[in-house]
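Residue numbers (my numbering), protein chains in the order written: chain A, 1 to 72; chain B, 1 to 138.
Just so you know, the hints here were simulated from the structure itself, not pulled from any lab data. It is possible that part of the hints are untrue.
Said to hold, decoys possible - Anything over 12 Å on all C-beta distances counts as not near chain A; from chain B, calculated:
id	residue
1	A20
2	V61
3	I80
Said to hold, decoys possible - Computed Cβ-Cβ distance ranges for the label pairs, DEER-style:
id	chain 1	residue 1	chain 2	residue 2	range
4	B	G120	A	A7	50 to 56 Å
5	B	I132	A	E57	34 to 40 Å
6	A	S41	B	E67	16 to 22 Å
7	A	A11	B	A31	50 to 56 Å
8	A	M1	B	A43	27 to 33 Å
Glycine residues also receive a C-beta, built at the ideal position from the N, C-alpha and C atoms.
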Amino acid sequence: MRNDVRALRTARSLSQAQLADALGVSRQTVNSIETGRYTPSLPLAIALARLFQTPVEEMFHDDDQARAEPTA
Amino acid sequence: MTMTKPVPSPQRRRPAAFWATPAVSVALGLAMGAASWAGGDRAFAVFAVALMTALAIALVVAASYSETVGRLLDRRDERITGLDRDASLFAGMVLVVAVLGGFIGELATGGDGRPYSWMGAVAGVSYVAALITLRLRR
Numbered sequence: 001m002r003n004d005v006r007a008l009r010t011a012r013s014l015s016q017a018q019l020a021d022a023l024g025v026s027r028q029t030v031n032s033i034e035t036g037r038y039t040p041s042l043p044l045a046i047a048l049a050r051l052f053q054t055p056v057e058e059m060f061h062d063d064d065q066a067r068a069e070p071t072a
Numbered sequence: 001m002t003m004t005k006p007v008p009s010p011q012r013r014r015p016a017a018f019w020a021t022p023a024v025s026v027a028l029g030l031a032m033g034a035a036s037w038a039g040g041d042r043a044f045a046v047f048a049v050a051l052m053t054a055l056a057i058a059l060v061v062a063a064s065y066s067e068t069v070g071r072l073l074d075r076r077d078e079r080i081t082g083l084d085r086d087a088s089l090f091a092g093m094v095l096v097v098a099v100l101g102g103f104i105g106e107l108a109t110g111g112d113g114r115p116y117s118w119m120g121a122v123a124g125v126s127y128v129a130a131l132i133t134l135r136l137r138r
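For reference, chain A alone in the conformation it holds in the complex (with noise of 0.2 Å):
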């Protein structure tokens, strides 16, 4: 599942270490979701929605739903 977490990070000037510190997770796994390998809990995902205050529909994007969707 793509996100935008990296461009949001980064807008912030927050470290992945800042990121993961601020979650309560590692920075591995910080690093895990914002390259795509690891898909966040429902609770995780909130906490980098409020975090970011950005909904978490904009922070996620599910590919296969977005292909399943019948186009205008």
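Given the coordinates of chain A, work out where chain B should sit on it, guided by the hints.
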């Protein structure tokens, strides 16, 4: 967009969960040591206590250097906790296959399948019990 929530400083105090695995390691060493001592093998008793205590110390020290080890112990990171869960599941499945192999091997050599039959039964009953408990909770 601005971030209103300040980034807190890293929390250095280790939660109680962090000490669970090292404590279990030491407790296992003491149990093995007591059993060996009672069985008359005092050299192995001392070795078992020393080995399991050394393992506990190694875990605590490694946690200071390795983020993975630290988060495996304190269980605060959902991804690493998930890795631990999946690795435990894999190890459990390997163990079940080994038990089934031992059971079949025992039957092939004229045995009645023990102790593998008991181990397999414990695994099967544990699985069903866990499934029912989890089903009631979720």
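Consistency of the hints with the structure:
1. A20: Correct as stated: the minimum Cβ-Cβ distance to chain A is 18 Å, above 12 Å.
2. V61: Given that every Cβ of chain A is farther than 12 Å from that of B/V61, nearest at about 18 Å, it holds.
3. I80: Given that some Cβ of chain A is not farther than 12 Å from that of B/I80, nearest at about 6 Å, it is violated.
4. B/G120 with A/A7: 50 to 56 Å: This hint holds: roughly 52 Å between Cβ atoms.
5. B/I132 with A/E57: 34 to 40 Å: Holds: the Cβ-Cβ distance is about 36 Å, inside 34 to 40 Å.
6. A/S41 with B/E67: 16 to 22 Å: 19 Å, holds
7. A/A11 with B/A31: 50 to 56 Å: 54 Å, holds
8. A/M1 with B/A43: 27 to 33 Å: 56 Å, violated
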